[in-house]
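K.L.:
Each chain, written out:
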Amino acid sequence: MDLCPSIKNILLLDSEGKRVAVKYYADDWPSNSLKETFEKTVFTKTQKTSARTEAEITMLENNIIVYKFVQDLHFYVTGGEDENELILFSVLQGFFDAVGILLRGNVEKKEALENLDLILLCIDEIVDGGIILETDASSIASKVATHSIDSGAPLAEQTISQALATAREHLTRSLLK
Amino acid sequence: MAQPIVKKDDDRDDEVEYSPFLGIEKGAVLQEARVFNDPQLDARRCSQVITKLLYLLNQGETFTKVEATEVFFAVTKLFQSKDNGLRRMVYLMIKEISPSADEVIIVTSSLMKDMNSRTDMYRANAIRVLCRITDGTLLTQIERYIKQAIVDKNPVVASAALASGIHLLQTTPEIVKRWSNEVQEAVQSRAALVQFHALTLLHQIRQNDRLAVSKLVTSLTKGTVRSPLAQCLLIRYTTQVIRETAVNTQTGDRPFYDYLEGCLRHKAEMVILEAARAITELSNVTTRELTPAITVLQLFLSSSKPVLRFAAVRTLNKVAMTHPMAVTNCNIDMESLISDQNRSIATLAITTLLKTGNESSVERLMKQITTFMSDIADEFKIVVVDAIRSLCLKFPLKYRSLMNFLSNILREEGGFEYKKAIVDSIVILIRDIPDAKESGLLHLCEFIEDCEFTYLSTQILHFLGNEGPKTSDPGKYIRYIYNRVILENATVRASAVSTLAKFGAMVDSLKPRIFVLLKRCLFDNDDEVRDRATLYLSTLGDGSVTETAKDVKEFLFGSLEVPLTNLETSLKNYIQDPTEEPFDIQSVPKEVKSQPLAEKKAPGKKPAGLGAPPATLSSTVDAFEKLLSSIPEFRNFGNLFKSSAPVELTEAETEYAVNVVKHIFDRHVVFQYNCTNTIPEQLLENVTVLVDASEAEEFSEVGSKPLRSLPYDTPAPTFVAFEKPEGVPAVGKFSNSLRFIVKEVDLATGEAEDDGVEDEYQLEDFEVVAADYILKVGVSNFKNAWETLGPDFERVDEYGLGPRESLAEAVNAVINLLGMQPCEGTETVPSNSRSHACLLSGVYIGNVKVLVRLSFGIDGAKEVAMKLAVRSDNEIVSDAIHEIVASG
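Chain order of the listed sequences is A and B.
Everything in the first sequence is counted per our numbering, starting at 1 for the first residue and increasing by one.
Everything in the second sequence is counted per our numbering, starting at 1 for the first residue and increasing by one.
Don't read these hints as lab results, they were simulated from the structure.
Mixed in with the good hints, there may be bad ones.
Stated by the list, open to error - With a cut-off of at most 20 Å between alpha-carbon atoms, the simulated SDA-like pairs for lysine to any residue come out as follows:
{"#": "1", "chain 1": "B", "residue 1": "Lys26", "chain 2": "A", "residue 2": "Asn32"}
{"#": "2", "chain 1": "A", "residue 1": "Lys45", "chain 2": "B", "residue 2": "Arg343"}
{"#": "3", "chain 1": "B", "residue 1": "Lys705", "chain 2": "B", "residue 2": "Ala623"}
{"#": "4", "chain 1": "A", "residue 1": "Lys45", "chain 2": "B", "residue 2": "Ser339"}
{"#": "5", "chain 1": "B", "residue 1": "Lys662", "chain 2": "B", "residue 2": "Gln821"}
{"#": "6", "chain 1": "B", "residue 1": "Lys147", "chain 2": "B", "residue 2": "Ile97"}
{"#": "7", "chain 1": "B", "residue 1": "Lys95", "chain 2": "A", "residue 2": "Asn32"}
{"#": "8", "chain 1": "B", "residue 1": "Lys318", "chain 2": "A", "residue 2": "Glu61"}
{"#": "9", "chain 1": "B", "residue 1": "Lys95", "chain 2": "A", "residue 2": "Lys45"}
{"#": "10", "chain 1": "A", "residue 1": "Lys40", "chain 2": "A", "residue 2": "Asp72"}
{"#": "11", "chain 1": "A", "residue 1": "Lys23", "chain 2": "B", "residue 2": "Asn331"}
{"#": "12", "chain 1": "A", "residue 1": "Lys110", "chain 2": "B", "residue 2": "Leu56"}
{"#": "13", "chain 1": "A", "residue 1": "Lys110", "chain 2": "B", "residue 2": "Glu633"}
These figures come from a predicted structure and were not determined experimentally.
Please model the complete structure; the sequences and the hints are all you need to start from.
P.N.:
If you want it as structure tokens, here you go:
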């Protein structure tokens with residue numbers, strides 16, 4: 001008998017229910033299509049609720065789902081039906097706030113996709129194979145951010161061609177906007 | 001990853017918004033991954049490519065084996081880079097690809113180097129990655145480092161090692177168990193989460209050693225546990241220990257209860273909730289123990305956080321199923337939750353109220369629910385309908401308002417599942433509450449006037465055919481039924497024809513008119529409808545007002561002698577090889593292929609924990625009756641009077657699981673032993689139960705039906721029949737042993753060996769008790785029924801029940817002893833009351849109606865006294881009831 005609290009999945013969807021980043025830990029949804037169906041059901045079920053000021057909660061197929069929305073991003077954390085709701089909630093809150101810190105308060109889909117590496121690392125630091133690693137948002141963010149600071153290394157250390165590439169990137173990005 | 005390849009159709013989503021992954025394509029990204037091989041690594045660019053690869057995987061894209069290997073090898077090159085961020089992405093990528101064993105070797109040394117790095121972040125993550133992809137042999141090489149990491153002073157490293165240990169325990173327990181010294185040290189860690197992870201791992205290592213777990217819990221509940229998560233964990237372990245140790249019978253104290261109660265005052269809500277829930281789930285929890293938990297949950301009900309309200313109302317809802325009185329204090333808070341924004345919370349609140357409500361509050365509650373029903377989804381409505389049905393069965397007197405409510409919502413919009421739930425509820429109410437029959441049937445009739453679901457229409461028509469003719473004015477239903485013949489599709493028309501025929505057969509005065517209607521159906525344009533009409537016209541006689549012959553009624557109402565599935569297979573076989581011979585129904589095997597059991601044993605995953613509907617008693621009795629009458633040896637035993645609930649004859653988790661159902665007939669008793677073979681390597685044949693009835697003098701064995709074969713994990717019954725004096729509630733004790741021939745099964749091929757060995761397996765004893773002869777049959781108005789029976793054969797006496805734990809416990813004990821149906825909700829005893837009256841009704845063998853009035857009183861020393869008044873039509877029966885109590 002496993003008594004340890006466990007997380008079944010963490011989902012970050014956009015305002016149309018499409019994936020931004022998801023991570024499944026339980027085998028309840030063995031194939032991608034089952035996962036997508038689950039996400040779709042969760043999304044349609046929660047779409048109309050307002051989970052913007054306080055996190056909301058619902059049940060689906062013997063799972064408990066806590067969720068919170070901001071801008072065009074929908075955060076979900078799923079656990080089994082016997083799970084302590086507040087434990088799930090602490091994971092959601094940790095995820096939600098950590099993303100807020102990492103995206104410097106600019107929490108929206110575009111920003112999330114541009115910093116997808118940070119989001120993925122963030123999820124990786126919160127839960128490991130269903131076991132909760134950390135729920136404190138600032139610790140999570142600091143673990144993720146330590147290297148992103150390094151990777152955004154000072155321009156001086158970049159070679160000319162790298163600097164050019166970066167500039168080109170910024171340009172295309174602004175044009176595409 | 002063994003996922004089906006899903007083609008991502010990018011062309012479908014014509015996004016207008018900008019996305020860095022716009023138009024991304026797997027092939028192109030794989031090309032881009034070549035930058036990993038550059039001699040001059042561009043860390044930034046490599047990171048971006050990895051992000052793109054991860055994005056693809058995240059969107060459900062899959063890599064072929066070759067692609068995955070290529071990416072993996074390319075990624076390993078990136079260990080050369082000293083860039084922190086890139087390294088983290090590399091770790092992530094390796095975990096996602098989950099390389100095969102022979103590939104793992106390539107990264108092992110790099111990861112081992114990182115494990116000993118001075119950067120904490122590297123150490124922590126390298127351990128997680130390595131443990132994720134490693135196997136047993138490699139683990140022994142790195143074991144030393146992991147042990148070090150567990151006691152590392154950096155909490156992130158220690159947690160990573162511990163979490164990895166938890167995962168590895170599933171695959172290589174023998175290695176992880178060697179780390180328990182380090183894990184034990186980590187439990188004392190001052191870092192909150194390290195303690196949580198260490199506790200999880202330590203408990204999992206020791207979970208099979210009860211004593212060790214108990215010691216662990218004892219020491220920790222006295223010490224300091226830092227993080228709320230660890231505290232929750234400890235509460236769970238504590239409840240497990242509580243479950244395994246018995247309550248101190250002298251003082252009634254429960255070990256560790258004080259600890260749980262103390263947790264209710266913890267500063268973290270998470271811990272409070274966990275503790276409150278743990279207390280409510282204690283077995284045989286007393287009201288005194290419950291109260292503090294209910295109080296904190298009640299506070300949560302008015303929290304501003306939906307999650308907290310949900311958690312509290314969900315827990316209270318569960319408590320209400322077993323201890324409705326304990327929850328009544330929260331009713332006011334609960335009522336305000338009906339208008340909660342979160343519909344899950346509102347539904348839970350309503351169903352809780354329905355469970356705790358008393359008779360007088362029903363009407364007010366229904367009013368509130370009516371406004372609520374219109375704006376919730378079907379799935380919630382079904383839960384509410386189920387709750388209302390249970391409520392109606394609890395307060396039969398209130399059937400009028402509840403039935404009205406059901407018929408109102410039946411008229412409103414709704415999907416099939418919802419409508420079906422309502423119809424099922426009405427049908428059950430009609431069956432169980434005789435007074436509700438006429439109005440219920442009319443509601444159903446009105447419903448089929450405008451019903452879009454063929455399945456429901458036919459079900460209702462069938463039900464109407466069985467119940468309608470027995471009402472006071474069967475004529476009024478005919479119009480509704482004949483309307484179906486005019487207005488509906490062929491399936492519904494055909495079943496309407498059958499229903500008409502049933503009315504014709506049962507109600508002689510209606511017969512001529514039915515005949516006219518059936519004759520009109522002969523011109524229907526559907527074969528089935530015409531055939532049915534022709535058939536019924538010829539079976540029903542000449543259309544004059546005469547009584548219908550018995551065999552015709554039997555034909556119309558009797559059930560098919562053979563199981564439908566068997567008939568289906570036989571017919572299929574018959575069609576497959578065409579012959580001149582007509583099909584012979586006698587050739588269909590009558591043995592039921594253990595379906596009713598399989599159905600019953602289906603793991604009871606209750607729908608969302610919201611008041612699962614009770615299985616209807618009558619339907620299981622029907623199933624048993626069918627099962628028994630399909631066995632030729634038992635067919636002449638007459639009508640089945642009662643089937644008991646299954647009694648387990650084996651401990652849980654033994655080689656063979658056996659339970660027994662006692663079927664009582666007028667002059668016979670049949671024991672149905674449901675056997676389950678839990679050993680995959682065995683096939684049992686010729687399974688019988690040897691019954692020793694030497695302690696049951698009035699019984700003599702008359703026959704048995706062995707079970708031909710019992711494969712692994714397919715429950716099947718074997719029967720033994722006894723004869724007993726007619727109408728006498730003979731009691732006795734039976735000892736049993738299971739006898740069978742056991743054959744080895746080759747698990748690879750699934751075939752059994754030819755030779756078997758005879759073997760015997762001792763089962764536990766069971767008794768036939770007086771309660772087996774009493775049927776639980778409720779009455780809707782106890783007072784009326786009591787007066788109708790009159791005081792002629794009333795027997796009154798007083799009994800001392802000795803010291804009892806509580807009044808409720810004493811009441812339950814008597815109800816169980818008598819096996820009668822508590823009426824009007826009198827089985828629940830309000831907490832702290834000193835006296836209680838309980839009303840019971842039942843039918844004694846020989847179809848004698850029995851009513852019982854119980855008055856209980858309890859004094860300061862917990863001595864319970866009881867006054868028992870019995871009324872029935874037969875003084876022998878009244879005396880018999882007293883005898884049951886006197887000897888119990």
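K.L.:
Run every hint past the structure and note whether it holds.
P.N.:
Evaluated hints:
At most 20 Å may separate the alpha-carbon atoms for a hinted pair to count; B/Lys26 and A/Asn32 meet this at roughly 17 Å. A threshold of 20 Å between alpha carbons decides the hint, and for A/Lys45 with B/Arg343 the separation of about 11 Å falls inside it, so the pair holds. A C-alpha spacing of about 18 Å is found between B/Lys705 and B/Ala623, which places the hinted pair at or below 20 Å, so the restraint holds. Between A/Lys45 and B/Ser339, the direct Cα distance comes to roughly 19 Å. Compliance with the 20 Å bound is thereby established for this hinted pair.
At most 20 Å may separate the alpha-carbon atoms for a hinted pair to count; B/Lys662 and B/Gln821 meet this at roughly 19 Å. Our distance criterion of 20 Å between C-alpha atoms is broken by B/Lys147 and B/Ile97, whose separation comes to about 27 Å. Straight-line distance between C-alpha atoms of B/Lys95 and A/Asn32 comes to about 18 Å, which keeps the hinted pair within the 20 Å bound. A threshold of 20 Å between alpha carbons decides the hint, and for B/Lys318 with A/Glu61 the separation of about 18 Å falls inside it, so the pair holds.
Distance check on the hinted pair: B/Lys95 and A/Lys45 sit about 32 Å apart at the alpha-carbon level, beyond 20 Å; violated. At most 20 Å may separate the alpha-carbon atoms for a hinted pair to count; A/Lys40 and A/Asp72 meet this at roughly 16 Å. With a C-alpha separation of about 40 Å, the suggested pair A/Lys23 and B/Asn331 falls outside the 20 Å cut-off, and the hint is violated. Proximity of A/Lys110 to B/Leu56 is assessed by CA-CA distance (about 17 Å); at most 20 Å being required, the pair is judged to hold.
With a C-alpha separation of about 75 Å, the suggested pair A/Lys110 and B/Glu633 falls outside the 20 Å cut-off, and the hint is violated.
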